[in-house]
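Enquirer: These are the residues of each chain, in order.
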Amino acid sequence: MNRWFFVVGLLTLILTTGCDSNKEHESGQLRIQFDWVPEPEFGGYYAAELMGLFSARNLAVDLRPGAAGTPVIQMVASGQAELGVAGADDLLIAKSHGIDVVPVFAAFHDCPLGLMIHAERKINGVEDLFKNGTLAMTPGSAPTRFLEKRYGYHGVKLVPYGNNLATFMSDPLFGQQCFITSEPVAAERGGVKVRVILFKDLGYNPYAGVLFTRRAFLEKHPDEIRTLVAAVKEGWLAYQSDPEPAIARMMSLNSTMSLETFRTATQIQQDYLWPQAGGHETFGTMEASRWDSLSKTLNELGMTSAPTAIGSLP
Amino acid sequence: MQPTPSATLPPAPGIRMQNLCQAFDGRPIIQDLDLEIKPGEFLVLLGPSGCGKSTLLRLIAGLSEPVSGELILHPSDPGIGFVFQDASLLPWRTALGNVLLPLELDGVPFALARKEALRLLQDVGLAGFDGHFPDALSGGMRMRVSIARALAGNPRLLLLDEPFAALDEVTRTRLDQHLGELTRSRGTTTLFVTHSIQEALALADRIVVLSPRGGQVLHDQAVPLDWPRTASHRQDPAWQALARKLTECLEPTEVNP
Amino acid sequence: MSRSLRDLYPPLILLLILGLSAELGLDLAGVPAYLCPRPSEVIRTAWRHQEALREALGRTGLAALTGLLGSALGGGLLALTLSLNAWVRKAVYPLMVFFQTVPIVAIAPMMVIWVGYGRPAVILSALIVSLSPIVANSLQGLLSADPALVDLFRMKRASSLRILLKLRIPSAIPQFLTGLRIAAGLSVIGAIVGEFVADTFDGGGGIGTLIESSIKEQETPLVFAALMGSTLLGLTFFVAVGGLSHLALRHLHIAETRSSQG
Numbered sequence: 001m002n003r004w005f006f007v008v009g010l011l012t013l014i015l016t017t018g019c020d021s022n023k024e025h026e027s028g029q030l031r032i033q034f035d036w037v038p039e040p041e042f043g044g045y046y047a048a049e050l051m052g053l054f055s056a057r058n059l060a061v062d063l064r065p066g067a068a069g070t071p072v073i074q075m076v077a078s079g080q081a082e083l084g085v086a087g088a089d090d091l092l093i094a095k096s097h098g099i100d101v102v103p104v105f106a107a108f109h110d111c112p113l114g115l116m117i118h119a120e121r122k123i124n125g126v127e128d129l130f131k132n133g134t135l136a137m138t139p140g141s142a143p144t145r146f147l148e149k150r151y152g153y154h155g156v157k158l159v160p161y162g163n164n165l166a167t168f169m170s171d172p173l174f175g176q177q178c179f180i181t182s183e184p185v186a187a188e189r190g191g192v193k194v195r196v197i198l199f200k201d202l203g204y205n206p207y208a209g210v211l212f213t214r215r216a217f218l219e220k221h222p223d224e225i226r227t228l229v230a231a232v233k234e235g236w237l238a239y240q241s242d243p244e245p246a247i248a249r250m251m252s253l254n255s256t257m258s259l260e261t262f263r264t265a266t267q268i269q270q271d272y273l274w275p276q277a278g279g280h281e282t283f284g285t286m287e288a289s290r291w292d293s294l295s296k297t298l299n300e301l302g303m304t305s306a307p308t309a310i311g312s313l314p
Numbered sequence: 001m002q003p004t005p006s007a008t009l010p011p012a013p014g015i016r017m018q019n020l021c022q023a024f025d026g027r028p029i030i031q032d033l034d035l036e037i038k039p040g041e042f043l044v045l046l047g048p049s050g051c052g053k054s055t056l057l058r059l060i061a062g063l064s065e066p067v068s069g070e071l072i073l074h075p076s077d078p079g080i081g082f083v084f085q086d087a088s089l090l091p092w093r094t095a096l097g098n099v100l101l102p103l104e105l106d107g108v109p110f111a112l113a114r115k116e117a118l119r120l121l122q123d124v125g126l127a128g129f130d131g132h133f134p135d136a137l138s139g140g141m142r143m144r145v146s147i148a149r150a151l152a153g154n155p156r157l158l159l160l161d162e163p164f165a166a167l168d169e170v171t172r173t174r175l176d177q178h179l180g181e182l183t184r185s186r187g188t189t190t191l192f193v194t195h196s197i198q199e200a201l202a203l204a205d206r207i208v209v210l211s212p213r214g215g216q217v218l219h220d221q222a223v224p225l226d227w228p229r230t231a232s233h234r235q236d237p238a239w240q241a242l243a244r245k246l247t248e249c250l251e252p253t254e255v256n257p
Numbered sequence: 001m002s003r004s005l006r007d008l009y010p011p012l013i014l015l016l017i018l019g020l021s022a023e024l025g026l027d028l029a030g031v032p033a034y035l036c037p038r039p040s041e042v043i044r045t046a047w048r049h050q051e052a053l054r055e056a057l058g059r060t061g062l063a064a065l066t067g068l069l070g071s072a073l074g075g076g077l078l079a080l081t082l083s084l085n086a087w088v089r090k091a092v093y094p095l096m097v098f099f100q101t102v103p104i105v106a107i108a109p110m111m112v113i114w115v116g117y118g119r120p121a122v123i124l125s126a127l128i129v130s131l132s133p134i135v136a137n138s139l140q141g142l143l144s145a146d147p148a149l150v151d152l153f154r155m156k157r158a159s160s161l162r163i164l165l166k167l168r169i170p171s172a173i174p175q176f177l178t179g180l181r182i183a184a185g186l187s188v189i190g191a192i193v194g195e196f197v198a199d200t201f202d203g204g205g206g207i208g209t210l211i212e213s214s215i216k217e218q219e220t221p222l223v224f225a226a227l228m229g230s231t232l233l234g235l236t237f238f239v240a241v242g243g244l245s246h247l248a249l250r251h252l253h254i255a256e257t258r259s260s261q262g
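Chains as they are written, first to last, in this note's numbering: chain F, 1 to 314; chain D, 1 to 257; chain U, 1 to 262.
One or more of the hints may lead you astray.
List of simulated lysine-lysine pairs, BS3-like, C-alpha gap at most 27 Å [said to hold, decoys possible]:
1) F/Lys157 to F/Lys193
2) F/Lys220 to F/Lys131
3) F/Lys149 to F/Lys220
4) D/Lys38 to U/Lys156
5) U/Lys166 to U/Lys156
6) F/Lys200 to F/Lys157
7) U/Lys90 to D/Lys115
8) U/Lys156 to D/Lys115
9) F/Lys122 to F/Lys200
Because the hints were derived from the structure by calculation, they are not lab data.
Keep in mind it's a predicted model, so treat the numbers as computed, not measured.
Okay, chain F solo, but in the shape it has when bound:
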C-alpha cells in the first residue's frame, strides 16, 4: 500500500515543513533518511554507527529507517533530513522536477534489481517473457518503462508488484521484478527454483542505494559531507569484512527478518557493491558517464523532460 503511505507522507511533510524549505540543521545533526527498514542494503551505515566512525569524526549522525512509501527525496529537499538514500533513476527524475539533489556516494555500483522467473520455464530469449504469462511490475517505474520500450508488452499480463510471493509460487508462468537479495531467496526457501534476469544485463543499470543531499546544504557544509562520506565508506568496508555486529544491531531494529536472511542477503549483495575491477578505493564513487547515459535513457523513456545533468561531490 505504498501509494496511500506516500500521499499521507507528503501531506505530513507539508504540515510539518512550514515555511522555510531550506531550514538549517540547528543542532548540527546529520539525519540520514532511508527508504526502507534496516536491512543489509544499509549495513555499512549501521556498521559505521556501531564502530563510532561518525562520532570519531565529530559527526552527529541520526540513521532514520523508512517504511513503505517514505517520500525520501521530498524529505531531504524540504529539510526534514539532511541526507537520504535513493536510486539514481529516482534522483534524476526528481531533478527534472526541479528538486535540486546531489548524489554523494553510491553503495551499489550495480543495480540489484531484476526479473525473477521460474527456473524451469522454457524461454528462447528474454523477449519471450513479454509474450505470455504474467509479469508483476511497479506501474510507471523506470524499469517498467524501459522494458516496455525495449521489448514491448505483447501478450504478457502486467500486474502490480507487491510484497506477496504466493502467486509467483503457484504459477510457473508468473514473473516479477525483484531485489536479488530478497524475493529469489524467499522463493528458493519456499521450494521453487528461480532464475533472475538482472536489469543491468538488459541494459538498465542505475546506481542504487545512492546517498544524496540537497544542493543548498552541500554548498554550506561541503567538508562535513566529505567527512561523512569517508565514514560511510569505512563503515561499508567494515561491514564487508565482519557484518555480524551490524546485523545484530539491525535485527534489534527489524525483528521481521531472520538472522539467516540477513546473512544471505549480505552475502549476495557483495557482488553489487563495487566494481569488480576496481579496488576498495573506488568503492562508492560514481562515473559521470554513467549518470549521463542514465539521464539519456530516462529522457528517452519520457520520465524526464530533458536530459538532466546531475552534479556530484565537488
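The hints should help you fit chains D and U onto chain F, whose structure is shown.
Expert: Relative to the frame of chain F, chains D and U by itself:
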C-alpha cells in the same frame, strides 16, 4: 352513511375468561383474571398504562398464548379486526390499498374486495379519498383508514388498543362518536382500551377497570346512558356521577401502585 | 430538483474558498511545488491529462458500479436470508462484522489468489468493501417492520414468505437505500484498492494504477489530480444513489431516513 344491516352477518361472539394468567420473562402481567363479555357488547377496558390491557387484547386476538387459565370465544373463530395505537398503515399503499390488505390476505377476489373496501372508506367518512396515500392524509383520516381496514372482511369481534390517544380532542370526540355508531349498527362485540374516562363513557355499554398490576378486575360498571352520546350529554348528571365514580376508582390506583 | 441545486452552493463556495486560500497560503508559506502542488496546477494538470484521467476513471467507475450492483443484490439477498432465521443470524453476524472491520488492503492479496489478477478481482474488492453496510442496514430494515403490522399479518395467518414480500421487504427499502448510499462511496475506494493490488495494467489501468504510476514518475500534480478525480467519482456515486433513493422513496411515499454516515 349506510351501515351494513347486522341481520345478514354471522353472530357476534361472547368471550369468557377464567383464571387467565399471562407473564413475560417470569414477570406476571395478568393474574387469575375472570371476565365475561356478552355478544355484541361494547366493553371499555379502563386502567393506567402497564396494567395488562394490551396484553389482554393480544391474548384475545390469538397473538399470544396464555400461561394458564381459560379463554373461550364463542363462536370460536369470529373474524377479528384490530385497531392499533398508531394507524400503522403501509405508506406505499393508497387508502384503498390499505383497506384491501386484509381482504387480500383472506384471498377475497379483487373486484369483490375493492367494492367492499370502497364501501368501508365511505362508512368511515373517507369517500373520495381512496387514491390518497397516507402521507397526504391527516392523523384523524389515517386513523379512519385504520378503522376501515379493521372492519374489512366483516369481523364480528373488534379490538381497539387506545386507538385515538394521539389525536386532538375534537377529532377524537368525533371519531369516538363515529365508532360508536359503526359498531352498534353492526352489532359487533367490541373491546376498547383507553385511559380516558370521558372516552370510556362516550363509548361503552360497560366499563371494566383493571388493577395497575396483575390485571385484575377492580371495578365493573354498566353504563346505562342513552345512545347516541354527543358532547352535550357530558353535562348530564348521570354522566357526571359515573365519571366521578370511575375517577374515585382509578385515583387510589394512581397514588398507590 | 431546485432545492438540491441550492444545496450544492454552500459546499461549492466552501471549496472555492479552500482552494483559493490553499493557492495563496502555499505561496505565502513558500511550500515548494514538489511537496504540494498549487490547486491551479492540479487543475491545469487534470485538464492536460483529461483523456487519461477520464479513461482511468471510466474503468474504475465501471468496476465500482459492477461491485456495487453485486453487493446490492448479494447484500440484499443475504439480509433476506438472515432475516428469516434468528439462529442463522447469530451464526453469520460475527462473520459480517469481520467483513466490516477487516481492512480490504489485508485481504486484497488473497483475492488475487481466489480470482486471479484483473478486473474480476477489482470488482470483488469493490463488492466486499460495500457489502456490509448494505447487509447491516437492510437487515435492520427487514427486522424493524412495524410490529403492529406484523401482528395484523399474523392474525390473518399469513405465511412468513407473504409477510416478507408484502411487508418486510417494502418496509426495508429506506434502510436498504441508506446502506446503498454508504456503500456507493465505499465501492469506489474498494475498486481503487483492488487496482493497487490486483489489477492488470498492460491495457491501461484504472485510477489506482494512475495514482501509483504518477507517484513513481514523481508527477505530484498528477497524483493530486488523480486523487481529485477519484473523490469526484465517489461523490458522483454518492449523489447518484442519493438521487435515485430520493426518487424511489418519493414514488413509494416513504419518508426518507437519514443516516449519520450517509
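Enquirer: Now tell me if each hint is right for this structure.
Expert: We went through each hint and held it up to the structure:
1. F/Lys157 to F/Lys193: holds, 22 Å
2. F/Lys220 to F/Lys131: Outside the cut-off at roughly 52 Å; violated.
3. F/Lys149 to F/Lys220: Judged against 27 Å, a Cα distance of about 41 Å means the pair is violated.
4. D/Lys38 to U/Lys156: With a Cα-Cα distance of about 24 Å, the restraint between D/Lys38 and U/Lys156 holds, given a limit of 27 Å.
5. U/Lys166 to U/Lys156: holds, 13 Å
6. F/Lys200 to F/Lys157: At roughly 23 Å apart (the allowed maximum being 27 Å), F/Lys157 and F/Lys200 satisfy the hint.
7. U/Lys90 to D/Lys115: Violated - the C-alpha atoms of D/Lys115 and U/Lys90 are around 46 Å apart, more than 27 Å.
8. U/Lys156 to D/Lys115: holds, 20 Å
9. F/Lys122 to F/Lys200: Holds, because 22 Å separates the two Cα atoms, which is no more than 27 Å.
Violated hints for the displayed structure, listed by number in ascending order: 2, 3, 7.
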